[in-house]
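Visitor: Residue strings, one per chain:
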Amino acid sequence: MKRLFLVLTVLCMLLGLSAPALADSHCMDELGCVEVAPDDPIVIASILAMSGPASFYGADTLGGIELAILGRDGMLLGRDIELVEEDSYCAAEGGQAAAQRVAADESIAGVIGTTCSGAAQGAMPIISEAGMLMISSSNTSPSLTNDNADEGGTYYPGYFRTAHNDLFQGAMGAKFAVEVLMAGAVATVHDGDPYTEGLAVVMANEFAGLNGDVVFQGAVSKGDTDMSAILTEIAASGPDLVYLPVFTPESEFLVSQAANTPGLENVRMMTADGSFNADFAPNIGQAAVGVLMTGPHVAGDAYQEFLTLWAEEQPGGTDSPPSGFHAHAYDGTNLLLDAIEAVAEEMDDGTLIIGRQALRDAMAAVEDYAGLTGTLTCQEAPLYMGDCATGTALAVFELGEAQVDEGAWPPPIVWDLSMTMADDM
Amino acid sequence: MFKWKTDEFSWVDFTIDVLRVLIVLGVVIGAWNTLSSGRISLAQWVNLFAAGLSQGSIYALIALGYTLVYGILLMINFAHGEVFMAGAFTTVFFAEALNRTGFLNEQPLLSILLMIIFAGLVSMTVAILLERVAYRPLRGSPRLVPLITAIGASFFLQYTFRGLYGSGFKAYPQVQILQGVISVGGINIPIVQIFVFCSALVLMLGLYWLVERTRIGKAMRAVSENKEVARLMGIDIDWVIMFTFGVGGFLAGSAGVINGMFRPQGVNFFMGFIPGIKAFTAAVLGGIGNIPGAMLGGLFLGVIEAIGPNLVLAGLGIPGANQLKDVIAFTMLVLVLIFRPQGILGERLAEKKA
Chain F
1 MKRLFLVLTV LCMLLGLSAP ALADSHCMDE LGCVEVAPDD PIVIASILAM SGPASFYGAD
61 TLGGIELAIL GRDGMLLGRD IELVEEDSYC AAEGGQAAAQ RVAADESIAG VIGTTCSGAA
121 QGAMPIISEA GMLMISSSNT SPSLTNDNAD EGGTYYPGYF RTAHNDLFQG AMGAKFAVEV
181 LMAGAVATVH DGDPYTEGLA VVMANEFAGL NGDVVFQGAV SKGDTDMSAI LTEIAASGPD
241 LVYLPVFTPE SEFLVSQAAN TPGLENVRMM TADGSFNADF APNIGQAAVG VLMTGPHVAG
301 DAYQEFLTLW AEEQPGGTDS PPSGFHAHAY DGTNLLLDAI EAVAEEMDDG TLIIGRQALR
361 DAMAAVEDYA GLTGTLTCQE APLYMGDCAT GTALAVFELG EAQVDEGAWP PPIVWDLSMT
421 MADDM
Chain Z
426 MFKWKTDEFS WVDFTIDVLR VLIVLGVVIG AWNTLSSGRI SLAQWVNLFA AGLSQGSIYA
486 LIALGYTLVY GILLMINFAH GEVFMAGAFT TVFFAEALNR TGFLNEQPLL SILLMIIFAG
546 LVSMTVAILL ERVAYRPLRG SPRLVPLITA IGASFFLQYT FRGLYGSGFK AYPQVQILQG
606 VISVGGINIP IVQIFVFCSA LVLMLGLYWL VERTRIGKAM RAVSENKEVA RLMGIDIDWV
666 IMFTFGVGGF LAGSAGVING MFRPQGVNFF MGFIPGIKAF TAAVLGGIGN IPGAMLGGLF
726 LGVIEAIGPN LVLAGLGIPG ANQLKDVIAF TMLVLVLIFR PQGILGERLA EKKA
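Chains F and Z, in that order, give the protein sequences. In terms of this note's numbering, the first sequence opens at residue 1 and continues consecutively. In terms of this note's numbering, the second sequence opens at residue 426 and continues consecutively.
Treat the hints as calculated values from the structure; they're not laboratory data. Glycine is no exception: its CB is placed at the ideal position from the N, C-alpha and C atoms. Just so you know, nobody snuck in bad clues.
Footprint (simulated), chain Z over chain F, 3 or more residues, beta carbon under 8 Å:
1. 54-66
2. 219-229
3. 252-261
To give an idea of the interface, some chain F residues facing chain Z are shown, with a C-beta separation under 10 Å as derived from the structure:
4. Ser51
5. Gly285
6. Gly316
7. Thr318
8. Pro322
Using the sequences and the accompanying hints, generate a full structural model.
Guide: Pasting the structure below:
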C-alpha cells in the first residue's frame with residue numbers, strides 16, 4: 001500500500017513537471033507540431049512492402065527515397081535526416097499495423113508510402129487521425145483520392161500521391177484500344193486486388209463509353225498458375241483485345257498460355273504497371289512480342305542522372321531500379337522535405353517546430369513542381385483529392401524482340417497522352 | 426452410415442449425415458447441369474484432365490516429402506514448400522546458363538536430366554541442413570515445438586533466398602522439344618504434360634523401389650515402425666532420418682524443375698508456399714505417412730482442381746468458377762478430415778501413434 005502511494009506520488013510529480021512544458025510550447029498548429037530538439041535528426045518514415053511477393057516494389061521505392069535523401073547529403077535545415085522503415089506487406093492489415101507504429105512516434109514528420117493501394121486503405125485512417133501526412137509513390141487506386149464515401153471513396157485528409165491515379169491509366173488504355181487498335185470488343189481480367197480490379201473496371205467503363213463492347217469481365221486468383229479455364233472462356237467471348245492489368249507472375253502465365261489457347265493466338269494483350277518490369281518479356285519468351293503495356297513514362301536528362309546515381313550508389317544492391325515507381329518516390333520525398341523546410345520554424349533555443357496542418361497545407365499548395373515524373377500540381381478536386389500527378393507521365397509501350405531476347409528496358413513507346421491530351425484532360 | 430437410426434440419436438452424426446447428402450446432391454446436380462448443357466466438349470474435358478494429372482504429379486512429388494518425414498518422425502515439415510523453392514529457384518540460373526550456350530536445345534534430354542539432378546541436390550542439401558540445424562535438436566520435445574520451428578524455418582528459407590537471388594520473378598527457358606502437341610483421335614495433348622507425368626512416374630517408381638527393395642529402405646521402414654526397436658537392431662537412426670529428409674528434398678527439387686518445364690513463369694522466393702500447402706493437402710488426402718497415398722492424393726487433387734470448378738461449380742451457376750479452384754482443394758481437405766481422417770488409403774500407423 002505504501003509502495004502504491006509512492007508510485008502515485010511520483011507519477012503526479014512527473015505530470016506536474018510536464019504540464020508547464022506543454023503550456024510553454026510554441027506550437028500554434030491545430031493538429032499539433034513535431035518538435036525537433038537542437039541535436040536531434042528530422043525523422044521521416046517509409047511504409048512499404050518490404051517482404052512478400054510484392055517486395056520488389058518496396059525495394060524500388062526505398063531506393064528512390066534513399067537517393068532523394070542522399071541528394072541533400074542526408075541533411076535538412078542543418079540536421080540529419082533519419083528514415084524509419086516500416087513493412088506493410090502489400091495488405092490492408094500490414095498497412096494498419098505499420099501505421100500504428102508510425103503514429104505512435106511523435107517525432108515522425110511525414111510518411112512516404114504505401115506500396116499497395118490496399119495497404120493505404122488500412123494505413124490512412126490512422127495516419128490521418130495522428131495528424132500526419134503520407135505521400136504515396138505507387139498507390140494508383142482511384143478510391144484513395146475520392147472523398148465521396150457513397151461512391152466507395154476512401155480519401156482521408158493528409159493523403160497525397162505522386163503516382164498517377166488509375167482513372168488516367170484506365171482511360172488511356174481504353175482510348176488507345178479504340179483509337180489506335182480500332183478494337184470493338186474487349187475482355188478484362190483482374191486478380192481480386194483492389195488496384196487491379198479498379199483498373200479493370202475503369203478501363204471497361206471508359207471503353208464502353210467510347211462505344212466499345214465489353215464482352216468478358218473476369219478474374220484469376222493470386223497464386224494461380226493454370227489459366228486454361230479462364231482463357232478458354234475469354235476465347236469463347238471473341239474479344240479483339242484482352243486487358244489484364246494484373247501483377248506478375250499471373251500476367252506472365254496468362255500471356256504465355258494465351259498463345260496456346262485456340263482462338264486467342266492472334267488477339268492483342270494489354271497489361272498495366274502491375275507487370276511493368278524488365279523481367280516480364282524474357283520470362284514469357286516469344287509470346288510476349290506485341291504485348292502492350294501502359295505504365296509510367298519517365299524520361300529526360302534529370303532522370304538519366306538519377307539512373308546514373310542509382311548505378312553508383314546501388315540502393316538495395318541492384319544496378320538499376322527493379323520496377324517503375326522509383327522516380328515517383330524520389331519526387332515524393334523531395335516534396336515532403338521541401339514542405340518541411342518551408343514550414344519549420346526555429347525557436348530561440350534551437351528547437352525546430354514543424355506544424356502538422358501547416359505541412360499538409362504546404363503539400364496541398366504544391367504547384368508546377370518540376371519533378372523527375374513531370375510537372376506536379378497537388379489538386380483538391382472531388383475525384384482527385386491529394387493527387388499531385390496529373391497523368392501526363394504515362395504512356396503505352398509495346399514489347400518487341402529486343403525486350404524478349406536482350407531484356408532491353410524500357411520498351412519503345414507507341415503512344416502517349418501528348419498525342420491525344422488536348423481534348424479531355 | 427446413418428448411425429443415428431440404429432444407435433442413440435446424436436446431433437453431430439445427424440449433421441454429418443445431412444452434410445453428406447447435401448454434398449452428394451450438389452455434386453450430382455452440378456455435374457448433371459454441366460454435362461447436359463454441353464458447354465465443354467469431350468476434347469476439352471480430356472485436356473483439363475491431362476493438365477490436372479500433370480499438376481497433380483507435381484503435387485505428388487512434393488507430397489512425398491511431407492509423407493516420408495511424417496512417416497518417420499510424425500512431424501509436419503511445413504518448410505518443405507521452401508525446399509521445393511530452393512531447388513527450383515537455384516536451378517533457374519543453371520537453366521539460363523544452359524540456354525545461353527545453346528546446350529539446352531542441342532541436348533534437351535540430357536540438359537533436363539542435369540537440371541533435375543542439380544535441383545535435387547540443392548534441395549537435398551537444404552533439407553538435410555534443415556533437419557540437422559532446426560529439427561534434430563528438438564527431437565523428443567512436444568510435437569507442437571518442431572511444428573512451430575518448421576514455420577519459422579519456412580520464413581527463414583524464403584528470405585534467405587530472397588537475399589541471395591533478389592525479389593524479382595524469373596522463368597525457365599523454353600525447351601523446344603517439349604513444345605507442341607500430340608494428337609490422339611482428334612484430342613491434342615501438349616507434349617510437356619506427357620513429359621511431366623512420365624518423369625514424375627519414373628521418380629515415384631524409383632522411390633518405391635528404394636523404400637521396398639533396398640537395405641536403406643528397409644531401415645527407413647523399420648525406423649518408422651518403432652525407433653527404439655530399430656535402434657536395438659543396430660540401425661543408425663540419425664542417419665536414416667537424415668537420409669529420409671534428403672530423399673524428400675531430392676524429390677521436391679526435381680519437382681521444381683519439372684514444374685519449371687510445365688509452368689515456366691513465376692519462379693521467385695515465394696513460389697513454394699502454395700504448392701507446399703497443396704502438397705500437404707494431397708498428403709493428407711492420401712493418408713499422411715503412406716507413400717502410395719501421397720502419390721494418389723497428389724494426382725487426385727490435381728485432377729479434382731482441374732475438373733471440379735468446371736464440372737460442379739459452374740453447373741451450380743456459381744460465377745467465376747475458375748477462381749474457386751483453391752476452394753475445391755481445401756474443401757476436399759476438410760471433407761477428408763471429417764469423413765475419413767485417415768485419408769483415402771489410410772495409414773496403419775495413424776491409430777497407433779497419433
